[in-house]
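Trainee: This is what each chain is made of:
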Amino acid sequence: MSVVYLLAIGAVPAPVLDWAETIVSEWCPWPVKRTPSLPFPEGSYDVQRGQYKSVEIMKAVAQNAPREATRVLAVTEGDLAIPTLTFVFGQAQLDGRFAVVSLSRLRQEFYGLPPDEAILRERLTKEVLHELGHTFGLTHCSTPVCVMSLATHIGLVDSKEQRYCESCGAFLVRRFAASNGDAP
Amino acid sequence: MKKVWPILVVDDEEVMSESMAAWLREDGYRVDTAPNGQSAIDLAKKTDYAIAFVDLKMPGGMDGIETMMEMRRVRPDASIIIITAFATVDTAIQAMKEGAQEYIVKPCHPQEISMLVSRILKLKKLQTENVILRKKISRKYKHHDIITKNPRMEEILALTQEIASLRSTVLISSESGTGKELVARAIHYSGVRAEKPFVSVSCAALTETLLESELFGHEKGSFTGAEGQTKGKFELADGGTIFLDEIGDISAKLQADLLRVLQERRFYRVGGSDEVSVDVRVIAATNKNLADEVKEGRFRDDLYYRLNVIEIRIPPLRERREDIPLLAEHFVQTIASELGKDISGISGDALKILMDYDWPGNVRELENVIERAIVTSHNGTLIDTDFSWLTQRAQAAQNWEVPDVPLSELERRAIIAVLERKRGNVKEAAASLGIDRSTLYDKLKRYEIVH
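Protein sequences, first through last, are from chains A and B.
The first sequence begins at 1 in the working numbering and counts up by one.
The second sequence begins at 185 in the working numbering and counts up by one.
Since the hints were made in silico from the structure, they are not lab data.
One should not assume that every hint holds.
Stated by the list, open to error - Partner residues are not named here, just some residues of chain B that face chain A (Cβ under 8 Å, in silico): (1) Val199; (2) Ser203; (3) Met204; (4) Trp207; (5) Arg209; (6) Asp211; (7) Gly212; (8) Arg214; (9) Ile267; (10) Pro291; (11) Cys292; (12) His293; (13) Pro294; (14) Gln295; (15) Ser298; (16) Ile558.
Ideal placement from N, C-alpha and C gives every residue a C-beta, glycine not left out.
Working from the sequences, and respecting the hints, build out all of it.
Mentor: Structure representation (structure tokens):
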């Protein structure tokens, strides 16, 4: 039986995790369960860059994943990066089981603006759908408003809609149908 | 589009290459990774990578620059992007000198990489399209696509193949509308110059000054409006072929200039003092009898002999009537398809009308006639009534009461009448008269018709 697990890496406000759970439940046909949060893995903080190594976080998510987990989605306040790029909003295994979303650059405060819950929730919805879409094999979509379009800055996240385009949506429906309740 | 372009990431640190590869895979690319230069080269021998990201510093074995140089030998078309953590001007200069397409300092903004990759791939896509189009054009103009079963035409086609790879000048003479440019292209695209440009110039369409500038280019300020240096058609055709249509219409001065280019392969741009050298094959064409023009003193005999190294005379359509059904069928197929009309053929009665007609405008007139019939027809096959106007045209020509004026005056009046009917549209008037535009321009000049 397919189950999607949700967890926090480091401290994440409870309401934010609740939002993430709602987003996944509304969109995914499988039950969503929580697993206890994990601390930031040792060596995952890059002191020089003041950011967390996305690759190390993904490794920790994979190592601690419940065996029956079809997908595991991690949410963190840490600002994520990979060696070649200054930041990533999130990361996912393409057609795999694990994904992580960073809240850091989704927050208005990051850009020197007052906090805004509604905006944060909207951006989180887009990033959760985007990274989970990758785990189901979707690559970036050329439709600019599709949630699977590539966003290289927050403006592009904001210009997306909180849904998949017709083509990406149909792809997911086929994947779910083919899975017959088991992990696709 | 993305999936057809494989990308290679080369770095001794696995975390760097794998994280970069994962990010690119999310964008839909097929990405391989290599931990050192040698593995990268081994992979490149098997896969035609569009882009290779290569880390500059890789301890032990080949460094980034050496890897890039070897990669360029194995895959000259791959775009190489050097990545480094420590930017110095020296390494950047060395990387670019050795052929790196880009040089990026890590970490860089995701947008920078994304735009870089899409810019390179856009260029590669255009290059690939260019190769495909060149191949298509080459196929289109190969001799077997010239439709004929006339023995004289078949001899001409055999000749185009024989002379395709020579540099000798060719003179093609025939009436308007017989396909002089098609034969010239068949020569060009069958020979060693096929990959180089084929540049066509209609000498009758331009005034002497403009034609001189068109052929040889001009320097900045050489005449009013010459704002910058401009290459002429001879320079643009360098390595390839220049097709000079209506060569019989060029002025005495241009005849002298052209003779010099043919003799020395060098010329001056208009207003320029530096000589320009070119390697161009010249194919000239005319609908005049150049030998007569020489006798009348209107065309230089030395230029005529220079041009007339290989002479091709294309017979008019009325002298190869056996080609009419073939050509008509061909035009029905292509034009109906282009216009989206469901017309599959041509009836026997209709074909008889086409066979009986004299085709003063030759193959071009036949093409125009078929197009007109296809546009107006409501049947699945073109029938005799679709061409009744052609019969009327032929009868009108036979029954025409000719006024007592010189032939040239008749032609002048005919041109004015058609131009008025076409509201000054030269293209349409030329089509209606069954001649090409350059011939019409020539006649407008000759008869001093202002339109």
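Trainee: Given Met204/B as an interface hint, is the shortest Cβ-Cβ distance to chain A below 8 Å?
Mentor: Where the cut-off is 8 Å and the nearest Cβ of chain A is about 5 Å from Met204/B, the hint holds.
Trainee: Does the CB of Ile267/B sit less than 8 Å away from some CB of chain A?
Mentor: Holds - the Cβ of Ile267/B comes within 8 Å of chain A, reaching about 7 Å at its closest.
Trainee: If you take the shortest Cβ to Cβ gap from Trp207/B to chain A, is it below 8 Å?
Mentor: With a closest approach of 6 Å, the Trp207/B hint holds.
Trainee: For the restraint on Gln295/B, tell me whether the closest CB of chain A is nearer than 8 Å.
Mentor: holds (4 Å)
Trainee: So, Arg209/B near chain A? Judge it on the closest CB pair being under 8 Å.
Mentor: This interface hint holds because 5 Å falls under the 8 Å limit.
Trainee: Once the shortest beta carbon distance from Ser298/B to chain A is found, is it less than 8 Å?
Mentor: holds (5 Å)
Trainee: Report holds or violated for the interface hint on His293/B, using the least CB-CB distance to chain A and a cut-off of 8 Å.
Mentor: His293/B check passes; min Cβ-Cβ to chain A is 5 Å, inside 8 Å.
Trainee: Close enough to count: is the Cβ of Gly212/B nearer than 8 Å to one in chain A?
Mentor: Nearest chain A Cβ about 4 Å off; hint holds.
Trainee: Holds or violated: is the Cβ of Val199/B closer than 8 Å to a Cβ in chain A?
Mentor: holds (5 Å)
Trainee: Using the nearest Cβ pair, does Asp211/B come within less than 8 Å of chain A?
Mentor: holds (5 Å)
Trainee: Answer holds if the nearest beta-carbon of chain A is closer than 8 Å to that of Ile558/B; otherwise answer violated.
Mentor: violated (38 Å)
Trainee: Tell me if Arg214/B is really an interface residue toward chain A, meaning its C-beta lies closer than 8 Å to one of theirs.
Mentor: At 11 Å from the nearest chain A Cβ, Arg214/B fails the 8 Å test, so the hint is violated.
The structure fails to meet hints 8, 16 from the earlier list, while all remaining hints are met.
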